[in-house]
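So the protein lines, in turn, are chains A and B.
Here the first sequence is numbered in our numbering, starting from 26 and rising by one per residue.
Here the second sequence is numbered in our numbering, starting from 26 and rising by one per residue.
I should point out that these hints are in silico values taken from the structure, not numbers from a laboratory.
Since the structure is predicted, the reported quantities are computational estimates derived from the model, not experimental observations.
A hint or two may mislead.
FRET-style restraints, in silico, Cβ to Cβ [unchecked claim]:
1) B:R378 x A:A117: 42 to 52 Å
2) A:D126 x B:T410: 47 to 57 Å
3) B:D114 x A:R189: 54 to 64 Å
4) A:D371 x B:D321: 11 to 21 Å
Some chain A residues judged to face chain B by a derived CB distance under 7 Å, without partners named [stated by the list, open to error]:
5) E139
6) G278
7) S306
Cβ atoms here follow ideal geometry from the backbone N, Cα and C, with glycine treated the same way.
Okay, here's what each chain looks like letter by letter:
There are 2 protein chains.
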Amino acid sequence: MTNGTNLDPWYYNYAQRTGGLAASEVRALFAVASRPEVVSLAGGMPYVSALPEDLVVGAMSRVMREQGPVALQYGSGQGVPLLREQILDVMALEGISGSADDVVVTTGSQHALELMAKIFLDPGDVVIAEGPSYVTALVIFKSYQAEVDQVPMDEHGLIPGALREHISRLRSAGRTIKLLYTVPTFHNPAGVTLSWERRLEVLEICRENGILVLEDNPYGLLYFGERPPVAMRSIETEGVVYLGTFSKTLAPGFRLGWALAPHAIREKLILANEAAVLSPSSFTQLVVSQYLSDADWKSQIGTFRGVYRERKEAMLSALQENLPSLSWTNPNGGFYVWLTLPDRLDSKAMLPRAVKELVAYTPGTAFYADGNGANNIRLSFCYPTPEQIRIGIKRLATVVNGELDLLDTFEGTGSLTPVHQEQSILPPTDMR
Amino acid sequence: MTNGTNLDPWYYNYAQRTGGLAASEVRALFAVASRPEVVSLAGGMPYVSALPEDLVVGAMSRVMREQGPVALQYGSGQGVPLLREQILDVMALEGISGSADDVVVTTGSQHALELMAKIFLDPGDVVIAEGPSYVTALVIFKSYQAEVDQVPMDEHGLIPGALREHISRLRSAGRTIKLLYTVPTFHNPAGVTLSWERRLEVLEICRENGILVLEDNPYGLLYFGERPPVAMRSIETEGVVYLGTFSKTLAPGFRLGWALAPHAIREKLILANEAAVLSPSSFTQLVVSQYLSDADWKSQIGTFRGVYRERKEAMLSALQENLPSLSWTNPNGGFYVWLTLPDRLDSKAMLPRAVKELVAYTPGTAFYADGNGANNIRLSFCYPTPEQIRIGIKRLATVVNGELDLLDTFEGTGSLTPVHQEQSILPPTDMR
């Protein structure tokens, strides 16, 4: 009954935008990868077990004891004032200063993204994004009938020259560019970080062209060595809407994120938030606020950093050991490694065989609006243990080598001599 | 800075739909009415203090002890399976049978409403609704550039003959009618209930005309005497999307509601939900699920019924005592009484004087898309105590009588002789 298009009596009643709502490849994978015997390198689930439950239980009990009726009640569409003040402290760690009055608490930063799309995007508008880009951002933009134009990256992030070219090409074609959507730090899925010089340059390009920057920064505090450059919002105030979240530094189960926006945009975000959900959950807002008041949250973020650093190192060692002929990015933080397969391999076509070998990943095509990324794979090191990661990469190597053997046999070609790049350059998608 | 339209550098970048996002009158009132000395008969806040906090703390602690990592993690876009099963038990109390597979958990039923609007409404589409209708539903429909056509009610709810007329007029004008949005039971703001016979008739009219019914039922279990007629969804399966919520029978602070939808629509709702928030909060879903497993939730709903019945009676006695010349509805459940002032009075213009007298209410115009309702007032009896209600209505009488005296003085007319209707008929908005 799931493909019952013809059986749906309301088929001709949906809005035009609903045509853009399709199940993402990542979504289908969650089902497959949830079998316990599969090592999943696919999802982006934080390792919440690194958070001591006592801290959460303590915060909850105190909230119910001291503010029960407030926690159980509707709140404001903007969010709890104390929590918005505390969010300023979190953002200060990335160089941002702002007013709690310009913070809007949302149901995960995902919902801030949805609200930004709702208030800015008319059908036919263009959103510029990195290529590759966060899957569910692509889904949202498409759901508001906007087109996503993806600009290539290299190991220093989005390439400013390419951004200029894309803007000028789109302008010549008479297109309206509404937003630059970017994950500048520890990019999902590419694992790269926009350099300081490029942050300045990208902001300058957007300022010149009247393009609002939507800076999505879920991973910035999860660095493994040196701190990354400060947030773009710390450099530019009026031209940037900044999105943050507690999903990665605390836990996604609370569904709490935020937007920091120029005053007039913040006002629209509040109205859109009220229309959509009346108010974010008072209960989870107060629990998180209490946690931030009572717990040593900065050292908890340090714990997460250590967990993810160890897992990333396990993944890179395993790749070096098992798939030395391939190339991959070396992230200095965050959750993801971006792997490039030989051109002959198709990561999506290979996935069923991988699942048969009990390892799952996300095919690169999921991160492009245009079918690009066929020989890329996003590998997540956030959730599995180092030991599982080693097993998973070993299984992946079996699959990749098996596919290559198969191709060699059928094509009768000689052995493959791929170039191994220690610091990989992402596929030049712009030049295909 | 709040009216800084000319100062907003992004003013010309917003989507067209954003023009429809304006601060509701109810929203502005929340600020005014939150001063402690004001008796607020304005908001629709449930009296959450009637919920024993121990029940919530117990459920929370058990969830964290037994399912901590699940509660803190992302979940599915459809919601926790056990909770969806339990939601079937809740809906069974209103005559509904369905499959947990067709339930989608949302961030309050408000978000289900937003998602329905997003997947069904193109600019220029028409949503038929009762006149008056729930404020934030009007805001949502407008935010998707749909037009709301409001059909009058009487003491038995929406008038089927008027519905037929409106449909035929809209069809003649070539308009596309996408939804009938209705709160059939203990209507917000009118306080009336659609009779059993009319439920059948309205469903038949919608079936004939290919109009999907969006049945919003937050109050159905909060009846004061006899049970209301069963839900429209219990009569018709393929033509109704049903919205329910835990906000009134448990607490709004969890932000948990749901949609029960025909299979194909349910599939779109899940995709739209995932795009908007990835998943509803695992944490609040598991807490509510645990509460439903462990607590005597049916008897807790009985407690709420008793609280609200007493408050409604206090309000009606106070109206009878202090404003006997006016008319009002006599709700058999829910949160609201709809008061009709003499034609000469304007409830919105009168509001500042009321707030000066330390009583707040919602002017009737808030519930119409077209400026109607000027001599109506929505009075909420859900949150204030019976004693506060008596004080509030006494203050309201001072204001109303003061306004009438003033008009008499200035107009030099004789005394007013309004008709008092025990069972009020709502203003015939269709015939003005």
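When the hints from earlier in the document are held up against this structure, which numbers fail? Violated hints (numbers, rising): 2 and 4; every other hint is consistent with the structure.
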